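Asker: This is what each chain is made of:
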Amino acid sequence: MRSARDQVWITGIGLVSSLGHGTAAHWQKLNVQGTPRPVIDPQRFAPYTIHPLAGIDFTKQIPRTSDQRQMERWQKIGVYAAGLALADARLAGDAPLLERTNLCIAAGNGERDLALDARILAAAGPGGAWGAYLNQGLTAGLRPTLYLGQLSNLLAGNISIVHKATGSSRTFKGEEMAGVSAFANAVARIEAGQGELFLVGGALNAEREDALLACELAGALYNGPYRSVWQRREQGGGLVPGSLGAFLVLESSGHARQRGAVPYARISDVLSSRSRRGPGDASAAAAGLFSRLRLNPKAGDLGILSGASGAEPATAEERQFIASLAQRGVNPIVRAWGSMLGHSLEAHFIAGLALAALAVSNEVFYPPFDTSEVESACDVRPDRILVTTFGHWRGEAMALVQSAW
Amino acid sequence: MGSRMLDPKGRSVVVVTGIGLVTSLGIGVRACWERLVSGHSGVKPISRFPTEGLRTTIAGTVDDLDVTPLSAHDLSLAMAEVAASEAIAQAGIGRVGHFPGPLIVATPPSELEWPHLNRLVEVPSDAELAGYQRILANARSGAFADLARHVRFAAIADSLQERFGTEGEPLSICTACASGATTIQLGLEAIRRGQTEAALCIGTDATVHPEGLIRFSLLSALSTANEAPHKASKPFSKRRDGFVMAEGAGALVLESYDAAKARGARVLAVVRGCGEKADDYHRTRSRPDGTAIIGAIRKTLEDACVAPEEIDYINAHGTSTPENDKMEYVSLHAVLGDHLARTPISSNKSMVGHTLIAAGSVEAVFSVMTLGTGVLPPTINYDEPDPELPLDVVPNVSRPARVSTILSNSFGFGGQNVCVVFSEEPA
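Chains as they are written, first to last, in this note's numbering: chain A, 2 to 406; chain B, 49 to 475.
Please note that a few of the clues may not be correct.
Covered by chain A, according to a simulated footprint, are these stretches of chain B (three or more residues, beta-carbon under 8 Å) [as the list claims (entries may be wrong)]:
hint, segment
1, 153-160
2, 236-244
Simulated restraints, written as ranges between beta carbons of each label pair [claimed, not checked]:
hint, chain 1, residue 1, chain 2, residue 2, range
3, A, Gly-255, B, Ser-452, 36 to 42 Å
4, A, Lys-299, B, His-146, 46 to 52 Å
5, B, Tyr-329, A, Gly-142, 26 to 32 Å
6, B, Tyr-329, A, Arg-329, 52 to 58 Å
Please keep in mind that the hints were generated in silico from the structure rather than gathered at the bench. Here the structure is a predicted model, which means the values were calculated and not measured. From the three backbone atoms N, C-alpha and C, an ideal C-beta is built for every residue, glycine too.
Construct the entire structure; sequences and hints are all you get.
Answerer: What follows is the structure, given as structure tokens:
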């Protein structure tokens, strides 16, 4: 049930990535004209490339060392970005509002103790009998609090502890679609009057081998000389992970007006599907979603922030979908932020929404993020931006971000 | 269809029309319930892996499903399928392979287990690589794609969606040991806002493996009463010394009252309301004054439009840890006051153990059975009451009682507190 009264507004953004921290740094680095320059590290995890997190002083958002000690890096990245979003929305330190702030978090698991794993595996040797040795190795070697750094919902838990946001707390899982689920849940609840104030986001620490392993097992990790997401197909495709934290404050327009909060943008739609991914399934599913969008006007220039990961065949399916838009009279102007920030799984969709909100509020669209034919220079004043994501394995989703005015 | 059945706040009334269950007590609601109300324990010595050198060697494992080789993903999925099949069959909803609503499933961590890591490291690699470099090099061959399901966070949801034909994007949830309750809350809210007429809500957890056990052991959360496994889980008793890990899955079919009535379905219970409140105190402990748990209970009663005095039975979170049971008592007392002394409260975990991610779902199913049968399941192993927790825990033997409104509590690490109120079908 959609309330005619209230819109869903983005009133705060928190972003940290390989490009830096905060909205201003991202806006500036993504708007440099000329050849795009993503920050990559091709050596540390060779043959894999990753986008490393920019140097960040976590104590600025997580002042207590006792808190930091009990978090793994993905949680620190997330808690830091969440703090930026809360501050940006002028909620930081406002106890009565934080007490009513609902958390919708997208998360995977935290990191393992890689050195311990390696020690146990090496000591056991090929075909080694586990049993008592494994029990003893884990009992003696695991840090007691490591599990708290691994549990999916402990990003949310740490946000509650550090930032005091405690209205409610839900964690959604499932790679790219986790971000969609978290965001869609907040939007649906605001529209139905089931909540007014939400903190939505996720974080990825790409700089760890267990995370790379998960992508590799899924057959989705790019392995070759660095290319943008649209240019990896000849090398077999694959995602290049990027460390990133992305958080949004979502708010009912009525609530925001009452407290004098200024919106970046409003959300007019978020839609998702889960095709079985036979050939053509994902692009057909996306076309179905597009038909349901409340797009007005239905044709003409349309800025698209694409969440394409570079993984195949999902990325080819997305290109097919984008190409099909011409038949509808839509002129898509595409930018895949994964080429600049890397792919950030659970946080990826949220990051795209954040970039869309920035562009809408600045009334300027981004220059091309790569040099392929998919992204062409175009002066478009973006009062509406479509944000897409095709999960590397499952899930298709899109959201329409529009000017709030 | 005529006018909708609305609650006092003008929202659609939401009901349970199907339930399904797998626990350490057995497979199926009936088998589990009969053993539960007769006070049986499903806790036993762990036999699936060597327990030498472990402080805790017991658990409420589910050993009756044929899953080989065993893994958290495969057993969690198998249990969820059994529970969901039972719930859907009872509800008689949809058609084979099509459930007319979304899937909302709470699942355990997705991670490689030691046998998987061992497989990955054992393969000879060309280079002299060790540890994760060696594992990654081996994984690049693509020969281990069968392990992907263990590290895909929505793999269980994906399989369940394919099997039962649920609609839309399934939700995979983690709110730690409150997860099962969160699935019900998400389903309730979706039906109330008119997004769907039905939802399939499942919680499943099968993480009794060496690392799963050792993690909780290192947090000093587990009972070490290994010598008498069935006596180890002793919620609210003076000598309680931790919870007992357990496995299980619970499934509930939620529907709008109108949709259920329109198709002539039997209403098992009404989901009156849900509420939650996050704690900002500590990663594993509640705020000492109980503020967050109290907040969750109050918000739940407010959402359900139920006064504290209307609660006539509480299905406790009751983990048997010193911390939980004390905080649960303190918080309930703050909200229910003198009425708490008159309100029976029991912990299913005294018999099934703590099914973690699945606990809220398993206990919701038992709550629905309590309403339907008029029998309060006992808290077993209540041999020495904790004088600081003066509660009617339905000690040791079940009790017939007329129950029309039940509060079910679920609390988890990370400050998660979710409660649900179930009641009888409106007259």
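Asker: Compare the structure with the hints numbered earlier in the document and write down the numbers of the violated ones, lowest to highest.
Answerer: 4
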